[in-house]
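> Chain by chain, the residues:
There are 2 protein chains.
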Amino acid sequence: MPNPPTRDSIISRVVRLMGAFDRTQPSMTLSMLARRAGLPMTTTHRLVDELVRHGLIERQPGGDLRVGLRMWELAARGSHALSLKEIALPFMEDVQSALGQHTTLAVLDRGSVLYVERLSHPDSPLDAAHIAQRMPIHASSSGLVLLAHSPTNFQAEVLAGDLEKVTPETVTDPAVLRRQLADIRQRGFIAVPGIGRTEWTGVAVPVFGPDNRIAAALNAIIPREDTGIPRVVAALVTAAHGISRALGAESPRRGFPVA
Amino acid sequence: MPNPPTRDSIISRVVRLMGAFDRTQPSMTLSMLARRAGLPMTTTHRLVDELVRHGLIERQPGGDLRVGLRMWELAARGSHALSLKEIALPFMEDVQSALGQHTTLAVLDRGSVLYVERLSHPDSPLDAAHIAQRMPIHASSSGLVLLAHSPTNFQAEVLAGDLEKVTPETVTDPAVLRRQLADIRQRGFIAVPGIGRTEWTGVAVPVFGPDNRIAAALNAIIPREDTGIPRVVAALVTAAHGISRALGAESPRRGFPVA
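Protein chains in written order, with the numbering used here: chain A, 1 to 259; chain B, 1 to 259.
Next up, chain A with everything else stripped away, as it sits in the complex (with noise of 0.2 Å):
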């Protein structure tokens, strides 16, 4: 019989080997994957064979083992990450083309922001935003743009819990916040330099779902000098009613936010 879930559960143990692979780290050997991990190297080698086996891990040729593609497949075929990417992805590509900047989807999930799509040019200089990554919500325009479409029993939680300073512009005072979301709810969006990096603009627009519920926010990353704001708000706010009425929102909240 299997055990009883506990602590340190099988489940919890493959959940820290998965989570150990992230963007700077895609391979590893068996010995760094322990260590990262922080996990028996017995018991990793043990997870990691059966892991192998059913595709969740790969082995390289050298040896490094890598996240497989099974767990990709896995995760892909019945996600509404998927879904809700496929079907903003045109429109996307609508704004990219527009504007030929950053543009990403992102979503709430476990109290921060996680961007499920991104466009840009494979060697651009920011890092931030990437596909699958994470940043906190005061942190980040989407972010601000989902909290200010979200309950307000949420928005009272994640405003008395620890608001940290991603960069020195980064506001972390909750007075200050709570404006920034009635201006988006009033406005309809939000640009704010300097947020999540210094040399950065995120400026985002909401996306609504079934029940005119908020479903994701569509963001666009400007350099910091560039003054095309109004632009970049037009092309995001009619990609975003496109994504809208894609996803089964009823129609547009309100008309043209005033940049």
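Some clues are possibly wrong.
The following label-pair restraints were derived from C-beta to C-beta distances [what the hints assert, rightly or not]:
#1 B:Arg213 - A:Gly228: 42 to 48 Å
#2 A:Ala182 - B:Ser97: 35 to 41 Å
#3 A:Arg224 - B:Gly248: 30 to 36 Å
#4 A:Gln186 - B:Pro230: 51 to 57 Å
#5 B:Ser97 - A:Thr227: 25 to 31 Å
Only some residues are given here: those of chain B computed to face chain A with a beta carbon under 7 Å [said to hold, decoys possible]:
#6 Ile10
#7 Gly19
#8 Glu50
#9 His54
#10 Val67
#11 Leu69
#12 Arg77
#13 Gly111
#14 Leu114
Since the hints were derived computationally from the structure, they do not count as laboratory data.
Just so it is clear, the structure is predicted and the values come from calculations on it, not from any experiment.
A virtual CB, placed ideally from N, CA and C, is assigned to each residue, including glycine.
Given chain A's structure and the hints, the job is docking chain B onto it.
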């Protein structure tokens, strides 16, 4: 202590549970999940509780279960499927804007073709080659391109295996398939009407990675009556060269193919 891996280990049960979700059934009740995974209700209940705690499965407001964003995050962050997609996507957008046709990117994994990216209109009638879906190697233009550049012992294994007739036109004669593979190596592309879906023609070209090893197949799926195959091949080859260079292939292996 955890159990040693067995045919019925916790990991294999979790894989069965996660694999029960798919594009046609992205959310379901606990009892439906148990039935689709072939597991007893008590086991399913206990495992799902823990998977929900880790965010790998989510409970929706109505109580139905679906794949959690955390599952996608774990799979995507360290995944080479993702880095391949990120590198290929701008080139795929170029193809799509040049041709206005379905464009897919596929790899070989565990004996079949796995589609890792696709650009097309969300309301297109083409019901194949969805992201994270699989096809038999011999029944897809991408599969044949990937096979043509695979080691000869793997080619022999596939051609000696079970060759299913997916459509009336799917070639299942190993001798004919072998000639098609040689054609692909010589001409640099394949165009096959009705190979996977009767109404569509699959056109595919190879994408190479480091050491000029095959990395992926780039494909366009065009309506069967479309006679513009040379134009499609030109766009695909141009984009495939770009992706290959970005992946670190030394240089395109040969000149421009003749469609």
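> With reference to the structure, classify each hint as holding or not holding.
Results of checking the hints against the structure:
1. The hinted window of 42 to 48 Å between Arg213 (chain B) and Gly228 (chain A) holds, with their beta carbons roughly 43 Å apart.
2. A hinted range of 35 to 41 Å holds for the C-beta pair Ala182 (chain A) and Ser97 (chain B), which are about 40 Å apart.
3. Distance hint check: the CB atoms of Arg224 (chain A) and Gly248 (chain B) are about 32 Å apart, consistent with the given range 30 to 36 Å.
4. Between Gln186 (chain A) and Pro230 (chain B) the CB atoms are about 54 Å apart, so this pair conforms to the stated range of 51 to 57 Å.
5. Separation of Ser97 (chain B) from Thr227 (chain A) is about 28 Å and conforms to the stated range, judged on CB atoms against 25 to 31 Å.
6. For Ile10 (chain B), the interface hint holds, since its Cβ comes within 7 Å of a Cβ in chain A; the closest pair sits about 5 Å apart.
7. Of the supplied interface hints, the one on Gly19 (chain B) holds, with its beta-carbon coming within about 6 Å of a beta-carbon of chain A, less than 7 Å.
8. Among the interface hints, the one on Glu50 (chain B) holds; its C-beta lies about 4 Å from the nearest C-beta in chain A, closer than the 7 Å criterion.
9. For His54 (chain B), the shortest C-beta to C-beta distance to chain A is roughly 5 Å, which falls under 7 Å, so the interface hint holds.
10. Below 7 Å, beta-carbon pairs count as interface contacts, and Val67 (chain B) has one with chain A at about 4 Å; its hint therefore holds.
11. Interface restraint check for Leu69 (chain B): the shortest CB-CB distance to chain A comes to about 4 Å, inside 7 Å, so the restraint holds.
12. Hint status for Arg77 (chain B): holds, given a least beta-carbon distance of 4 Å to chain A, under 7 Å.
13. Below 7 Å, beta-carbon pairs count as interface contacts, and Gly111 (chain B) has none with chain A, the closest being about 11 Å; its hint is therefore violated.
14. A distance limit of 7 Å between C-beta atoms decides the matter here; for Leu114 (chain B) the minimum to chain A is near 6 Å, and the interface restraint holds.
Violation of the numbered hints given earlier is confined to hint 13; every other hint is satisfied by the structure.
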